[in-house]
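Participant: Just remember that the numbering used here sits 1091 ahead of the position in the sequence shown, which is counted from 1.
I should point out that these hints are in silico values taken from the structure, not numbers from a laboratory. Check each hint, because a few of them may be wrong.
Unchecked claim - Cross-link-like lysine-lysine pairs, in silico, PhoX-like; alpha carbons within 25 Å at most:
| hint | residue 1 | residue 2 |
| --- | --- | --- |
| 1 | Lys1180 | Lys1153 |
| 2 | Lys1196 | Lys1160 |
| 3 | Lys1206 | Lys1222 |
| 4 | Lys1217 | Lys1153 |
| 5 | Lys1169 | Lys1153 |
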Amino acid sequence: MALLSKIKNIFKKPEAKKIKKTSAASAKRKQAGPPQSKGLGKEPIKKAVPKKKLGEVYRILKEPHVSEKATQLYDENKYTFKIFPWANKIQVKNAVSDLYGVRVKDVKIINIKSKIRTLRGQKGKKHGYKKAIVALEEGEKIEILPH
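My request is simple: use the sequences and hints to build the entire structure.
Facilitator: Structure below.
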């Protein structure tokens, strides 16, 4: 056994020691601190909102609502979504900003009630739904339908 352990020690690779090397440039960066923002004039610098995909988002937003009126609202920087009945304005605002990485200015919610329709003498029911009209900040954009 002693002979085997000696042979193992001979063929064992030496462990590399981790040495942290610092260059002159990295030392200067540490002394300088975080980078300063260089804005021109009085215009504030926009911070990018990180884009996240969370399971919570898909419990609030169903799908984008595409209609003639909804496509006309794109010019006013407003987007329409079908949402679940239990969702409120704050949840919709957080869900849209997390999913698309944009800053939301305003949210309006509309409850579309169910309607009774007649087709070939048979009465049926058209289900209601809840939709949200989301207004985005100036300069923000969502690509809902690819061209």
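Participant: Each hint: holds or not?
Facilitator: Each hint, compared with the structure:
no., hint, in the structure
1, Lys1180 - Lys1153, "holds, 14 Å"
2, Lys1196 - Lys1160, "holds, 20 Å"
3, Lys1206 - Lys1222, "holds, 16 Å"
4, Lys1217 - Lys1153, "holds, 18 Å"
5, Lys1169 - Lys1153, "holds, 17 Å"
In summary, the structure agrees with every hint in the numbered list given earlier.
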